[in-house]
Amino acid sequence: MYKNYFKIALRNLARNKFFSTINIIGLSIGIAGCLLIGLFVWDELQYDRFHKDADRIFRIYDKSTNSQGVSNVAPTSPMFETTLNNEFPEAEQSLRILNIYGENFFRSGDKKGYEERGIIAEENFFDFFTLPLIEGNPKQALSSPYGVVITQEVKKKYLGDGEALGKTIFVGSDNMKVTGVLAKLPEHFHMEFSYIIPMLNVKKELNEKQMQSWNWQQFFTYVKLKPNTNKDAFEKKFQKLITARANPVTKEGGFTYIPFLQRVTDIHLHSSDFKFDIIKAGNITYVKALSIIAIFVLLIACFNFINLSTARSLRRAKEVGVRKVVGAEQRQIWAQFTGESIFISLLATVLASIIAYYFLPSLNHFTEKHIVFNPLTSVALFVFLVGLGIVVGIFAGIYPAIFISRFNPIYILKGMKSRAGKGGNNQILRKALVVIQFALSVFLISCAAIVFKQVDYMHHKDLGFNKEQLMFFPMRGENMKNNYETFKNEIISSSGVVSATIAYGYPGDIVSGDDIIVPGNGKGTTYPARQFMIDYDYLKTMGLHIIAGRDFSKSFATDSTSAFIINETAVKELGLGTPETAIGKRLDWHPWNTDKEDSLKKGFVIGVVKDFNFSSLHEKVNTAVLQIFPSAYWKVAVKVQTANLKSTISQVEKVWNKYSPEYPISYKFLDQSFDEMYRAEEKLSALLWIFTGLAIFIGCLGLLGLATFAAEQRIKEIGIRKVLGASATNITGMLSGDFMKLVLLAAIISLPIAWITLSKWLEEFPYRISMNAWLFILSAAVALVVALFTVSFQAIRAASSNPVKALRTE
Amino acid sequence: MLEFKGISKWYNVGGNKTYILNNVDLIIREGEFVSIMGPSGSGKSTLLHIMGMLDEPSEGYHYFMGQAVHLLKEKQRSQLYKQHIGFVFQAYHLIDELTVYENIETPLIYQNVKTSERKAMVADILDRFQMVGKKDLFPTQLSGGQQQLVGIARALIASPRLLLADEPTGNLNSKQGEEIMEIFKKLNNEGVTIIQVTHSEKNAGYGSRVINLLDGRIS
Chain A
1 MYKNYFKIAL RNLARNKFFS TINIIGLSIG IAGCLLIGLF VWDELQYDRF HKDADRIFRI
61 YDKSTNSQGV SNVAPTSPMF ETTLNNEFPE AEQSLRILNI YGENFFRSGD KKGYEERGII
121 AEENFFDFFT LPLIEGNPKQ ALSSPYGVVI TQEVKKKYLG DGEALGKTIF VGSDNMKVTG
181 VLAKLPEHFH MEFSYIIPML NVKKELNEKQ MQSWNWQQFF TYVKLKPNTN KDAFEKKFQK
241 LITARANPVT KEGGFTYIPF LQRVTDIHLH SSDFKFDIIK AGNITYVKAL SIIAIFVLLI
301 ACFNFINLST ARSLRRAKEV GVRKVVGAEQ RQIWAQFTGE SIFISLLATV LASIIAYYFL
361 PSLNHFTEKH IVFNPLTSVA LFVFLVGLGI VVGIFAGIYP AIFISRFNPI YILKGMKSRA
421 GKGGNNQILR KALVVIQFAL SVFLISCAAI VFKQVDYMHH KDLGFNKEQL MFFPMRGENM
481 KNNYETFKNE IISSSGVVSA TIAYGYPGDI VSGDDIIVPG NGKGTTYPAR QFMIDYDYLK
541 TMGLHIIAGR DFSKSFATDS TSAFIINETA VKELGLGTPE TAIGKRLDWH PWNTDKEDSL
601 KKGFVIGVVK DFNFSSLHEK VNTAVLQIFP SAYWKVAVKV QTANLKSTIS QVEKVWNKYS
661 PEYPISYKFL DQSFDEMYRA EEKLSALLWI FTGLAIFIGC LGLLGLATFA AEQRIKEIGI
721 RKVLGASATN ITGMLSGDFM KLVLLAAIIS LPIAWITLSK WLEEFPYRIS MNAWLFILSA
781 AVALVVALFT VSFQAIRAAS SNPVKALRTE
Chain B
1001 MLEFKGISKW YNVGGNKTYI LNNVDLIIRE GEFVSIMGPS GSGKSTLLHI MGMLDEPSEG
1061 YHYFMGQAVH LLKEKQRSQL YKQHIGFVFQ AYHLIDELTV YENIETPLIY QNVKTSERKA
1121 MVADILDRFQ MVGKKDLFPT QLSGGQQQLV GIARALIASP RLLLADEPTG NLNSKQGEEI
1181 MEIFKKLNNE GVTIIQVTHS EKNAGYGSRV INLLDGRIS
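Chains A and B, in that order, are what the protein sequence lines are. Numbering-wise (my numbering), the first sequence opens with residue 1 and increments by one. Numbering-wise (my numbering), the second sequence opens with residue 1001 and increments by one.
For reference, chain B alone in the conformation it holds in the complex (with noise of 0.2 Å):
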């Protein structure tokens, strides 16, 4: 499904080349729930944003679900991504003004959903979270486990193949993380490839493959 080669990343810090990502190879097949460790300054965030294309690498191949993503332009780069992707962060990043209906609504905003469509959509996906009874609801009104769910739902509301999730429990105490990473289980077991970033062992152990990264490198 995905697939990195020689993907490196560096920045010019005083006419020297500062790697973040360096010749990174690796291949991500459909439905693993891979987990990407490392200390901090690794190079996590800035793999995992890589996948996501929100960031381009310096150099290097990057292929998913067949296409060469170096090769493509932004728009249909972003047009691949938006069908397919789905991103999880641990700030959650909850736009403040909408509520939590129109939240998870957006993304289907911006892939031309119709509204009736848009509405069976979101409905369902309440539904399976068990948050109907809070859709009216701002995000600043709900406790941040429940803010992730929303933040999960937003993600998973176009039915993405790739969920990236940057330290989802993070900001979570530790009863809301594990319900977190059960809903990740669980959806992995529907299909979804999951990829995440991660400090904690106990998540990764809900993953089946561990990525570990050192200073820009797999190690």
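Okay, chain A solo, but in the shape it has when bound (with noise of 0.2 Å):
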């Protein structure tokens, strides 16, 4: 029997190469782009769950509350991990890490370089994290103050390929031993580093008192809970304590926080939003918005099959009456179709892999992933694609085998096949699914849209500061930190170079946090504030807007002891009331690298800035305080021509080598790692385009379909029409205009839950485009003209042919 069956599957195929290929070919791509978005989201799911004890590995975060809102912090204080160990018995171990910014130099014999993430890390961090160890013994790694822990790559660069442990290596200041040789870092493991350094290193510079701080929040503290500890139970009781403990101190810093757990296996996926965080992070709401796309596209290629099949499923009538008559029951016909529709999307499934196979490099090169698809070496692989096939399957062939089954053999067999079907249900089911196809086009389609414009709006939105052609690095050695001023003019003076500036605090790169103290009754009111250690060429390079008093300036001794400059947040937090009403208004502040504790810097505010967006678009501006403080400077901004841009640089590489012969110079452009920050968005954005591209054309592959088969079943009203007089004009219009209203039905109903949905996700950007009708009915005419071009295209053919063949036919 079901060779029978078969063989009348692939005979039906053959015959209807025109259908076969549009039900074929939509279902196919349908799945394929299913397939590599749920790679791409299956990989995601898979961080961090290769520890051992992953299900017990939590990281903790704050939810931290200042005057400027709730935000969640990833970085905490010291004492947590003290408080963990001493009070909480349920924690079986707790390891705090923190994060060298910035780059370090590493130097054995003549080889030198800079490695750009490194950690510093407990004694048990490896109790913590399944990190294969080629050289090294993990329990003793990372407990002598003077041993290095690198990776391989880091080992093959500056040791070479014998064995590396006891060796030395210059890191950053200090000669190490190397005391182990990680093996490549796993993908799927949540941080990103080359080197590991022990706590034990730099506990000399932590003294107790800072140690003892709620107020600085500077590690990562994880912990190891033992088993059968309640995760919920365990995160209240500690958040009780410390709270009652932190909040009274950190209140006078005008900021307060609950700490929360966080399982390490979610750390990859939920933590976007975190401040300060230093991990790989991904997007829960990207992976989630990519999920439902793909299904959107699966659903899509669906309905076209259901629609087809129905469709078309008068011209199997006969077959199915014949079938009745000879002795099949209902049930029986049902399972064959049901049967030769699991075939058609079997034959899918397998074209989609091989689409899958071959998209596959390009979706690892532009998601920076590494996953492997191969269903002829992975079992489980296979059997999931078998029974995706089965399931699509049954899902888009289920109706149309039910509504096929059902047909009465007398009207079949009498030659009265339009009778056969029941009703016209199926005509309504036909274009609800349409309907439903197309909303979800013209939902994709504004989505894609609005997502463009963001990003469009990130890239180019004035920030308030121009990071064009800033070429930008770090000091190294002592001679050119000590003679900072002459190198900076030295640069300045060099053929290409509009300006230069030193200082701690650049846009896009890392950014002190301290108070500023507002003077007033007793101690004053202290504010959270970001500080920029600068001098007096940085208003000058980095293109910041004053907009009330004056810049830095040499001619004002008091400008490099007292005197601040502020931005137009910090007008309205500090409460000095307008830009003009700030100047000469009294700011304090605590100086760095003193040893006497109290001592006060007392200032003026000598200038208002415009803001400028300091951090990426995801984050408001905060109060921003610029001063000069030469004892913090450490990186060199270089303005500088587009024009001969590589004599320029090689002409500053001169200078730095004059004074840092020993160090290699290591720069960037400013606009690049501005780029970077939108990254996620840039991508959200392409692989919409892409998905949107795949929804619209499998939709009008089964658009193309449906005009065909109406232009099929109403040739003889076409016919009769013609000989009445009616041009091809107006088939044309009768033909496409069915369809239009249905697209346009489509988009009445797509775009009000397109524009709630998309509100909502601008409303996570501080900064974001205006929502513009105008946009989602560009969308809705995307949608319209790219249907009426599908369907119109059979219409005319329709339209012109010669009505006396096809009256003759009847």
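Honestly, the hints are just simulated from the structure, not real lab data. Remember, predicted model here, so these are calculated numbers, not experimental data. Even glycine gets a Cβ: it sits at the ideal position worked out from N, Cα and C. A couple of the hints might just be wrong.
[What the hints assert, rightly or not] Rough simulated footprint, nothing fancy, chain B against chain A, three-plus residues with beta-carbon under 8 Å: (1) 348-356; (2) 542-551.
[To be verified] Computed list of lysine-lysine pairs in DSS-like fashion (alpha-carbon distance at most 30 Å, straight line): (3) K572(A) - K1135(B); (4) K1186(B) - K414(A); (5) K3(A) - K1114(B); (6) K1135(B) - K3(A).
[What the hints assert, rightly or not] Across the chosen pairs, the derived CB separations fall in these ranges: (7) Q1141(B) - F6(A): 46 to 52 Å; (8) L724(A) - G1014(B): 42 to 48 Å; (9) F382(A) - V1132(B): 26 to 32 Å; (10) F382(A) - E1074(B): 56 to 62 Å.
Please assemble the complex out of the two chains, which come individually in their own frames, going by the hints.
Okay, structure coming up:
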């Protein structure tokens, strides 16, 4: 029996090549799209599952509240771990990690270079994270102050191929002994680094008092709970104790926080809005959005299948009639046709797997992943794919099969095919499915348009400073640091250099946070602020706009000792009235790097700058304080001319080598690091375009099929109309109009939903485009035009056919 | 073998009953060769369809081989006619996508006959109708007469006791038609009960009895 079904399925496919192709291609593309997204989503969900005890390892973060609102903050006070160790027996172990910000200098023999990512970790780091060491013992690797654990890449770069254990390597400012070599970090580990320094190494720099601070939030804290500990109960207990001790202290600094536990397996996807985080963050919203899009695409493809199959079912009517007459029961007919669609779906799955296989490298490249997809070597994957094919086949085939199996054989065999199907329900269903398909398409188009606009906006928004043509690098070596003034002047006088500045605190780079005090009754009021330690050329080089007062100037001796420039937000936050009234107001600040504990810099506001977005546009501009403070100077920013960039860079390098020949120069361009901030949105935008394109393509394939079918069905009507005098235009209009109404209805349904969804998405951005009704109308118009183009193609063909021929065939 | 008592079939058209069959009583015995005749629209085909259980009467009692068909459930009814009734149509109604062999085989599939048995039965009937050479052809590659032969072969494959034929020669030329009628006669002699709808007096002449229908009544 199955052989018989199989043969007839194949012969039908072969006979109706046009519809078979549309059906199979549509379904294949749908499944392939779904597979690719599915692989991406699956991969995103695999993070940190490989650690032993992953189910009881947690990271602790804070929900921090200050005058600007609530935000999630990744680093915590050092006291968290101390408290865990001393007062929480439920915690089996706890771990503190510090991030090393900026590049570190590495040297071994004549090999030298910079390593960008490093962390400082306590001894039990390897009890938390299952990272294989090629050399060294994980238990002891981080237990001596002058040991360093490096990755295999770093080892190769500086120490060559042989054994590295015990060898000396110069890191930053110390000679360190290699105590461990890490294999390449697993792709699904939430951190990325190339070396680990033991916490013991920095113990001497962390004084007792600092380590007891509730205000100082710099440590990434992890805890491993004892087996069978209730996470929620533990979290509550910990929150209660911490808030009771910390908040009275932190309140004076203008903020409070509540600690929360985060599963190690959740870190990757659920930390995208965390501040000061160092992890490789994914974004659960985007993962969910992509999953939904995948389902949309598959749905659209399935609806195509349903539509085309029911539309074409009359072609199979005679077969069904005959089968029923010779003894087939409804159930058997139903089984045959469902089986047929499962067969087609499996065929499409095979094709989809091939498509996915060939497009996976592009996806991997695009998402920087290394997903492997080969159903021929993975039994689980193979079984999954077969299962997927069957499920899709049943989903898409069950309605057409039921519809067909209900055909009344008498009508069919009498040649009254049109009465064979029960009523006109399937017309309504077909229309409903087309409406849903295009509603989804219009929705996707509007999403793609809005996301694109927002990304574009973030790239091109006026940031309040000029990020173009800014080359920037940290100073290295005592000679350079001690003679920074002459170093800078020599750079400025190089050809091609417009200006240069040396500072600590650049947009897109690390900006230090420290309190600023508005003196008043008693101690005054403390406000959190971002501190920019700058020189006299900073404003000019960065292109900041003074809106009141003046820039720092060497002609005012007091500018280096008692002057502040603040931004507009600071004027508001510190309660200084307007930019004009803020000029001359007193501000105090505890200077860094002094031995005297309560020394105070007393100064006045001399200028106000227009707000500039020094962090990404995901964050609102904070209070910013700019001041002359040479002892913190760290990085150099050089504004260069567009022309002869190469020679300008080599000029700068020449000056560098004069001051610090022992260090290589390592520079970046500021606009690059800014562009990197929007990579996630950019990728979302690109993926949206691709899958929107797919959805529309599949939808149009279906429309093409239905239009062809409609033209075929109405060939006699068209013939009669033409004989009666209808023009080809009339006929085309009539045929296309039916479909256009559906697409229009789809647009009307989906636009409000798209509007609401996208408004919500945009709310996540403090700086966003305004919702533009035209963009939505344009999205609908695109869908209409594409649909019209698809349909009219068939309509014109039908309309221009010879009516006599059409009537004669009847 | 077959008995109708007060069989009627009507449709509601605008609130009025339009009768296709009106209170038909008839008895057909095993081994008869009956021809149903009458003008177009007299209800011949409907009567045949009801006999073959493809259609249900609106009213009346229907007995087939001792069973009260009007009381049977859909499934039992289908079981009954699958086993005992074969159909032949004016338009042959072969499945275009299946070969001669596969078309003839189809009824056996729905009776769960094993593959090996099916092979033997189909080979047997192909032999009987002298169509062995054509078994791998598709219906469109055959002449009308040959197609009807396949149709008959298919109707007979499961050895039915009753053969229902709806104008079996209507689409054939007279020579082909005669051949088909000869086959029917031979089958009847072998014991198969045959009921045919026909317009042709000549064809009716092959049978043993004629039932005349007019406006849904036996006249």
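Now for the hints, and whether the structure bears them out:
1. 348-356: Our answer is that it is violated, as 0 residues pass the Cβ test (under 8 Å) against chain B, missing three.
2. 542-551: violated (count 0)
3. K572(A) - K1135(B): Not OK: K572(A) and K1135(B) at ~94 Å, beyond 30 Å, violated.
4. K1186(B) - K414(A): 28 Å, holds
5. K3(A) - K1114(B): 13 Å, holds
6. K1135(B) - K3(A): 17 Å, holds
7. Q1141(B) - F6(A): 46 to 52 Å: Since the Cβ atoms of Q1141(B) and F6(A) sit about 22 Å apart, the hinted range of 46 to 52 Å is violated.
8. L724(A) - G1014(B): 42 to 48 Å: 30 Å, violated
9. F382(A) - V1132(B): 26 to 32 Å: 44 Å, violated
10. F382(A) - E1074(B): 56 to 62 Å: At roughly 41 Å between Cβ atoms, E1074(B) and F382(A) fall outside 56 to 62 Å, so the hint is violated.
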